[in-house]
Amino acid sequence: MIQIRQLQKAYMTGATPLPVLRGVDLHIRPGEAVAIMGSSGSGKSTLLNIIGLLDSHDSGEYHLDGQEVRALSESAAARMRNRLLGFVFQSFHLLADRDAVENVALPLFYRGIARKERNTRAVAALQQVGLGDRLDHLPNQLSGGQKQRVAIARALIGEPRVLLADEPTGALDTTTSDEIMDLLLGLNADGLTLVVVTHEAEVAERCQRTIVLRDGQVVSRGAPVDASAP
Amino acid sequence: MMGLAEGWSEIVRSWWRQPMRTLVTGATVAWGIFMLILLLAAGTGLENSMRWGYRDDAINSLWVYPGRVSALGAGTQRGRRIQLTDADVHTAQDLPQSIATTARFMLPGTTVIRVGSRTSSFSLRTVSPEHQLIEQTLVRSGRYLIQRDLDHYRKVAVIGRAVATFFWPDGDPFTTPLGELIAINGVNFTVVGVFEDVGGASEEQMVYLPITTARVVWGGADHVDMLMFTVDEHDAEQAAIAETGLRTALSGRHGFSPTDRRALRVRNNMLRFADVQQVFGWLRSFTWAVGLGTVLTSVVAVGNILLISVRERTRELGLRKALGATRWDIVRMVAVQGLALTLTAGCIGLVAGLGMVQALALWLPDNDYIRDPSVAPDVAIQAVVALSIGGLVASLVPAWQAARVQPIVALRDA
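Each protein sequence line maps, in turn, to chains E and G. For the first sequence, numbering that gives the first Met the number 0 gives the first residue as 0, with consecutive numbering after it. For the second sequence, numbering that gives the first Met the number 0 gives the first residue as 0, with consecutive numbering after it.
Check each hint, because a few of them may be wrong.
Claimed, not checked - If we take Cβ atoms under 7 Å as the criterion, some of the chain G residues that face chain E in the derived model are:
{"no.": "1", "residue": "E5"}
{"no.": "2", "residue": "L318"}
{"no.": "3", "residue": "A321"}
{"no.": "4", "residue": "L322"}
{"no.": "5", "residue": "G323"}
{"no.": "6", "residue": "A324"}
{"no.": "7", "residue": "T325"}
{"no.": "8", "residue": "P406"}
{"no.": "9", "residue": "I407"}
Keep in mind that the hints were calculated from the coordinates and are not lab data. All figures in this text were calculated on a predicted structure; none of them were measured in a lab. Idealized CB from N, CA, C, for every residue including glycine.
Could you put together the complete structure from these sequences and hints?
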């Protein structure tokens with residue numbers, strides 16, 4: 000599903016390039032649940048952004064669903080994000096003036112689907128994440144866990160093949176974190192490929208595989224480990 | 000993708016996000032168009048007022064008055080009075096630019112007109128049939144003077160409505176006088192026609208007589224005190240050439256310098272009107288420039304507000320792109336919001352402006368400066384087109400800014 004070879008990425012700090020990813024190799028199969036761990040500045044979020052076609056790499060290869068993403072135009076990348084990928088962010092990123100249904104339906108708007116069908120599918124997605132009774136609630140009327148469920152419903156509505164979650168439990172309490180992870184792993188059990196960036200070992204432990212990054216390089220790609228270990 | 004109702008709902012929602020800002024920006028645009036419409040209507044009113052001033056005489060007419068010699072030249076004598084004659088009328092007639100020619104002979108002393116026991120001193124004009132075209136006289140009953148009246152020295156008169164009303168107060172002003180006699184300085188003339196004049200009441204206090212008859216009755220020989228002729232109404236240059244030609248010919252005959260403007264005074268309506276028209280052309284351009292400047296200022300305000308809005312919505316725009324919006328989707332979203340605001344406010348200003356113009360046209364008292372202010376439909380359409388283009392251009396800059404937002408921005412936060 001995701002095949003990355005010798006991926007390099009540097010950001011410019013003034014005139015000096017600051018390497019963030021230094022030759023990352025990664026292979027994620029369809030249906031896998033993979034956690035990416037690493038300390039702050041290790042490059043895990045940058046890697047997730049590149050996997051999610053939100054950022055570009057400088058060199059190396061990245062094939063998503065068999066397609067080399069470097070060849071994609073901006074519009075083609077947008078379409079691929081819309082159809083193949085679902086995003087869940089730490090701070091939810093819901094539109095404050097839209098209710099739960101409208102927030103969830105947003106990806107389908109960019110697929111050219113009529114409002115009626117968008118709303119029907121959004122209601123179904125919200126029911127799937129257990130928010131059938133919060134359809135017309137605005138984000139500020141929802142708890143943190145509920146907001147993240149809305150975000151997950153939004154990621155699911157386009158029936159993506161891969162769900163990318165950046166610290167999905169970072170802003171939640173332990174109980175709610177468990178619930179959200181239950182939800183995400185349940186979706187993974189149904190065949191959805193799951194990539195979670197986290198700094199929480201408890202979250203990573205629940206995934207099938209953990210990739211650990213340090214200074215832009217993969218230092219471990221096996222079973223869950225303690226990311227804070229030297 | 001998006002139905003009309005949904006599109007409008009999105010636009011209205013974007014307005015409600017900052018209602019006061021939307022209101023103030025919209026009011027700026029509406030005010031701009033309102034002022035443009037008022038300015039254009041005022042310009043039209045001024046122009047109408049000017050045209051009204053010319054309503055009495057043909058615009059394409061030249062009026063020639065003999066004067067006294069003022070410039071010294073070979074064979075000239077300063078202060079000598081010029082006397083025009085029928086030969087000068089024929090000279091005017093023979094000019095290649097001349098269309099209709101007429102002349103007047105002025106009666107010496109005071110004119111006394113009497114019908115039965117009623118006496119007055121209405122003005123008298125002794126003319127030829129072509130005069131009707133030049134003065135724009137509207138014959139309402141009977142007829143105007145004809146060539147046979149002149150050829151046979153007939154004692155006939157065409158009188159104005161005011162004259163008819165004065166002498167026949169109990170009868171119909173247009174039918175009663177026909178065939179009746181009026182005595183002019185003791186000489187009887189038969190009324191053959193009654194006229195009205197677009198020049199108003201003073202022009203209707205007038206009596207027209209055949210010039211040939213008047214000269215025979217009151218001893219005018221072949222004298223002419225004033226001559227008038229018309230030229231092609233579409234060619235001001237021809238009017239200037241005709242004036243020069245006439246001056247040259249008459250100066251030779253009467254012995255004065257062709258450049259002596261006091262010896263021969265010419266009121267060239269065509270040139271005067273062309274000058275005034277040019278002034279109004281400039282005024283129209285100036286009005287458009289000022290009006291469009293106002294509109295431009297207001298659409299720049301829309302662009303400014305959109306830029307601020309785009310900056311405030313960076314996170315949302317990034318998120319939308321992360322979820323699949325293309326650049327074009329974002330450009331369209333922002334541009335449509337700006338254009339909709341511009342057009343909605345502009346149409347409100349347009350309707351308010353047109354309403355105000357209508358009200359002014361209805362309620363403005365008669366005056367010499369503004370007459371029938373109005374805005375032609377095509378001008379209103381041009382204003383809306385200008386507004387649309389302005390609104391679109393002003394919206395495209397912030398729309399392009401919005402489209403450049405990187406989706407990664409949506410992820411990079413607390």
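Going through the hints against the structure:
Given hint, E5(G) at the interface with chain E, holds; its Cβ is 5 Å from that chain's nearest Cβ, closer than 7 Å. Hint status for L318(G) relative to chain E: holds, with the closest Cβ pair at about 5 Å, below 7 Å. Hint status for A321(G) relative to chain E: holds, with the closest Cβ pair at about 6 Å, below 7 Å. The restraint placing L322(G) at the interface with chain E holds, with a minimum CB-CB distance near 5 Å, inside the 7 Å limit.
Taking 7 Å as the C-beta contact cut-off toward chain E, the hint placing G323(G) at the interface holds, the least distance being around 3 Å. Interface restraint check for A324(G): the shortest CB-CB distance to chain E comes to about 5 Å, inside 7 Å, so the restraint holds. Against a cut-off of 7 Å between C-beta atoms, the interface hint on T325(G) holds, since the closest Cβ of chain E lies about 5 Å away. Taken as an interface hint, P406(G) checks out: its beta carbon lies about 5 Å from the nearest beta carbon of chain E, inside 7 Å.
For the restraint placing I407(G) at the interface with chain E, the shortest Cβ-Cβ distance is roughly 5 Å, inside the 7 Å limit, so the hint holds.
Consistency note: the structure conflicts with none of the earlier hints.
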